[in-house]
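Colleague: So the protein sequences, as listed, match chains A, B, C and D. Numbering follows the numbering used here, with no gaps: position 267 of the first sequence is 267. Numbering follows the numbering used here, with no gaps: position 69 of the second sequence is 69. Numbering follows the numbering used here, with no gaps: position 206 of the third sequence is 206. Numbering follows the numbering used here, with no gaps: position 7 of the fourth sequence is 7.
Treat the hints with care, as some may be off.
Intra- or inter-copy, both count: the list cannot distinguish identical chains.
Claimed, not checked - List time: in silico DSBU-like cross-link candidates among lysine-lysine, alpha-carbon distance up to 35 Å: (1) 258 <-> 111; (2) 111 <-> 99; (3) 111 <-> 166; (4) 99 <-> 258; (5) 143 <-> 258.
By construction, these hints were calculated from the structure, which means they are not laboratory data.
4 protein chains.
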Amino acid sequence: MQLGIIGLGRMGGNIARRLMLNGHTTVVYDRNAAFVENLSQEGATGVADLPALVAALEAPRAVWVMLPAGAPTEDTITVLSGLLEPGDVIIDGGNTYYKDDIRRAHALLEKGLNYIDVGTSGGVWGLERGYCMMIGGDAEVVKRLDPLFDSLAPGMGNIPRTRDRKSDDDRAERGYIHAGPAGAGHFVKMIHNGIEYGMMQAFAEGFDILKTKSSESLPPEQRFDLNVADIAEVWRRGSVVSSWLLDLTADALASDPKLDGFSGEVADSGEGRWTIEAAIEQAVPVPVLSSSLFARFRSRQQSTYGDKMLSAMRFGFGGHVETPKK
Amino acid sequence: MQLGIIGLGRMGGNIARRLMLNGHTTVVYDRNAAFVENLSQEGATGVADLPALVAALEAPRAVWVMLPAGAPTEDTITVLSGLLEPGDVIIDGGNTYYKDDIRRAHALLEKGLNYIDVGTSGGVWGLERGYCMMIGGDAEVVKRLDPLFDSLAPGMGNIPRTRDRKSDDDRAERGYIHAGPAGAGHFVKMIHNGIEYGMMQAFAEGFDILKTKSSESLPPEQRFDLNVADIAEVWRRGSVVSSWLLDLTADALASDPKLDGFSGEVADSGEGRWTIEAAIEQAVPVPVLSSSLFARFRSRQQSTYGDKMLSAMRFGFGGHVETPKK
Amino acid sequence: MQLGIIGLGRMGGNIARRLMLNGHTTVVYDRNAAFVENLSQEGATGVADLPALVAALEAPRAVWVMLPAGAPTEDTITVLSGLLEPGDVIIDGGNTYYKDDIRRAHALLEKGLNYIDVGTSGGVWGLERGYCMMIGGDAEVVKRLDPLFDSLAPGMGNIPRTRDRKSDDDRAERGYIHAGPAGAGHFVKMIHNGIEYGMMQAFAEGFDILKTKSSESLPPEQRFDLNVADIAEVWRRGSVVSSWLLDLTADALASDPKLDGFSGEVADSGEGRWTIEAAIEQAVPVPVLSSSLFARFRSRQQSTYGDKMLSAMRFGFGGHVETPKK
Amino acid sequence: MQLGIIGLGRMGGNIARRLMLNGHTTVVYDRNAAFVENLSQEGATGVADLPALVAALEAPRAVWVMLPAGAPTEDTITVLSGLLEPGDVIIDGGNTYYKDDIRRAHALLEKGLNYIDVGTSGGVWGLERGYCMMIGGDAEVVKRLDPLFDSLAPGMGNIPRTRDRKSDDDRAERGYIHAGPAGAGHFVKMIHNGIEYGMMQAFAEGFDILKTKSSESLPPEQRFDLNVADIAEVWRRGSVVSSWLLDLTADALASDPKLDGFSGEVADSGEGRWTIEAAIEQAVPVPVLSSSLFARFRSRQQSTYGDKMLSAMRFGFGGHVETPKK
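So that you can see chain A by itself, here it is in the shape it has in the complex:
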């Protein structure tokens, strides 16, 4: 099957590669010509701009946009929608806010264009492991694109089947689902990322306790000098917390158990934030997911105005002096 791909960064480039490895043809574009050139040498049809991309595709066209959420994606889709023909489909594989999907799908439908949102998990490992995909949009269109999704997905691999699972639809077992109408794909991916934040923070807090158990601020008889690399390793084998995130943690600790290579300033992305907003809209208590987001906010500040205010109050009622940082 033929697919146009816009955005050939870490994700988009590998999506093109994985599709070509599976016998599909791709027409690729990136504003960085070097990326286009590289993929052309690997068998893709490289083009120099969006009109050329549209011209190179056979109708009904399918174009996968793999760009940062927000303006880059929005602007590209706006331009594309002026070039494509009724019956064509735009696939947004990025991390778009699901309410933007809903809005866009409505607007594009008026032009006869189809819009599919694909939440894509797999990161830099996707080329090798395949991509876990959560797809929103019209069921018929999703069905038409099935050969692409099937190739991008991990497949069943050697992961055991779930006991008692009964379903006529085996797509989930092969690594992709049609989650619902436009926006549903990115909604499910958004929640996936929210959970990811929580799991990561659970490991972070647990290992923080393990690490500080050797702190010299504790009395000697209360200290343990624990081997965090070994602990991550052993938990990979038969423990309840075994997970891919733990595998990655074990990787990191094997070569740098003190994690000196990292600053401790942790970025966050839209999905973590939108998850909390969705929870609030639905009145769902999410103390763990929100705490995980807040820990990242806090990691990027040396001190907060709020903390200073605590000191100011303590000085006010108790005469406690907590002086400025030197």
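Chain A is fixed; fit chains B, C and D onto it per the hints.
Modeller: For chains B, C and D alone, coordinates are given in the frame of chain A:
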């Protein structure tokens, strides 16, 4: 009435002063001779050691220990218990863990000594405003010491009476209560401090949002340049959050609205921690009180091992590079 | 001064009354004719619809809208904006989302109308205590309306002045501020409510520990039978947590220490939710404010799907059986 | 190798079985004679009391105690310590508090007895998958018992090796570690369980949002009717949150997507609580781990005293009426 006082720091010294202002006599000791000398000049009987203190008091003696919780208090009480006579009473006015009170009360009772724990709130303002006291121990002994508590307490002042309040015991309205048996006084004070942590953190977070609303990291049209000193001031008048902590906040912001005089590293004391442990023992969910404690822990660290681990995982699955702090 | 008031519920009715007590005249409307009739008998000019209200006011008119946030306020302002003349001012005294204020102010300005947002704290007590007001909008217009704000505000009363406070503007000390341009008033009020949530939850958690300390699920020697009404009362006198919320708590506990009159299902309003969204937009960690909101969400559910999932996992890995509620 | 096993419940019985399958011999005791009888028929030497167990073992003896933490384990070890001879070793495989291990190890050492604490993860799946073990105690003794641990552990299986891992000690890769001196094994296991709580709660909150996204309390255009069983299934394939807990979740949702089989009342065990206490002792902020514990506390209550207090305050300042549950 006559009272021995051990520990003449910020709290103990002013307790002696407030009692003398109200016609009581005090016998005072501190290992810092200068503190003893100062209070002697204000009318107290200064003594040079614990035996002298005990000798200077008439039986049945009452000795108020106002020292840091833990070893200083414990050791002093141990020595005192060897010097006092049956019927005497030791008052622990510090911030002792209530389980230590229970243990001590039992041990001292075997020697015929009484033990009273007094949770004392009021800080540096107590001399002027009076001390809010939560008292644990034998009811008869508490009654015997009533003249002291009555003088130390703030009294009704101009604080309006609570509607519908019906009680034969007006001590609470005058600023002190007999909370229950040994330990109950410090237990109630401990919870008081736990609540204090939560209220402080609520203000800290709220003002942090107000302050960062002027941040240049926001788009200009989303910014407000708010006057935090005026906001604290106006909330003192008729708003739902009016409180003594807000008064102190308004004090601090009036002279230093950026709070540059503070480092943002905030200490915590035993009571905040013990409150969480009590909640866990009783299976009470306390997300606010615990979050307040954790915010203080976090304020004292530049970065955490846990945060670095988040970055390590992010690098592992997504190739995100979060480099070391320079 | 003359003011039109739309919405004569708990807040709007008393605002009219407090203004009239201070020599102002009011023209009042409510879709409930009985409310209009009542206030007419107290001296207001009652009208039957919005055109009549506009007709009864002298230009430049000032109309205070005191309705539930969202559609009721929005629709009323839309109608009003078609009736008023350039130079007139609409005051939104409700709990509008501050971004709606910004939008509205821009739209109304195109018609030559002024828009003022007033965050109003004081609840059912405002008639007697006065209203604490946080005002957003054009400075000149706020100045023009000053006689109204001055009368509605509590004034300095017997609340002591803040030490070190230096300001040419004494409005904060009298209970109202001009916080900034349109939206700033409701923004500050929103944060006020966020803080209020946090303080309330701090008290709730602390008293929950005090209450459960007498629980029969604890071993007898660990129990204290604490008098929560006395504890609330004593903390009002000289303690660090003294506050209006504590006064209200003491009121409630004086007549119903077990709080049997309440279900434990707690509503939340927009402001608590918007506060968290503002914090997320500004990357401010707000664990206490968010926990307070989530506690209310949780209070309204008997069990959550999430909790059931925990049980399902526990059954999965450990064979733990947690059966359905009867 | 020969091992005595006391406690033949879910864990102890299967430990005996897995050892026998691997060629070891066991001498087994449980106060429930039926359990002893069952294992005897599977090849174990069943005994009727502790003296018989000790008599049936060759010196130096090794006795694995697999009982509930607290009194059952403590009492059994006390009796055992009176029966064993210098050089013998007691293994506590349960969920003992690590400070109890430290105390016990000291006490037993005075009698010449060795004490080994083994944190054992694997639950009902251990017989088949093997047990992940975290071991504390004297290195030589742990070495002597290695044949047992080697047989109980899962081994490398088909789990890929960690990149860059360099270690002379391959025990972690085979599923067990010598974590440190007495107590270190249970300490590491305790933190494991703390992390487990956090991960579980992250999934619970995320799926709660997914589930309530179909709630009729949302406007129709904001709803998605998501298939939670498919979502859990697809995330098992290539997503970042893939984990054993997710596998179990998929199991549960495959047969009961509404989770109607569960009440939503979730138990907690000592380890979750002790993890928070350890964090507090070490001043580590653990918002996620504590929130997870508190969610379980909350799940077991229909309403809290704290929630009622919130309603009482809301009534106090705003006249909001939140009536008793019917």
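Colleague: With reference to the structure, classify each hint as holding or not holding.
Modeller: Here is what the structure says about each hint:
{"no.": "1", "hint": "258 <-> 111", "result": "neither (56 Å within a copy, 39 Å between copies)"}
{"no.": "2", "hint": "111 <-> 99", "result": "both (19 Å within a copy, 32 Å between copies)"}
{"no.": "3", "hint": "111 <-> 166", "result": "neither (39 Å within a copy, 59 Å between copies)"}
{"no.": "4", "hint": "99 <-> 258", "result": "between (41 Å within a copy, 26 Å between copies)"}
{"no.": "5", "hint": "143 <-> 258", "result": "between (48 Å within a copy, 28 Å between copies)"}
Of the numbered hints given earlier, the model fails hints 1, 3; all others are met.
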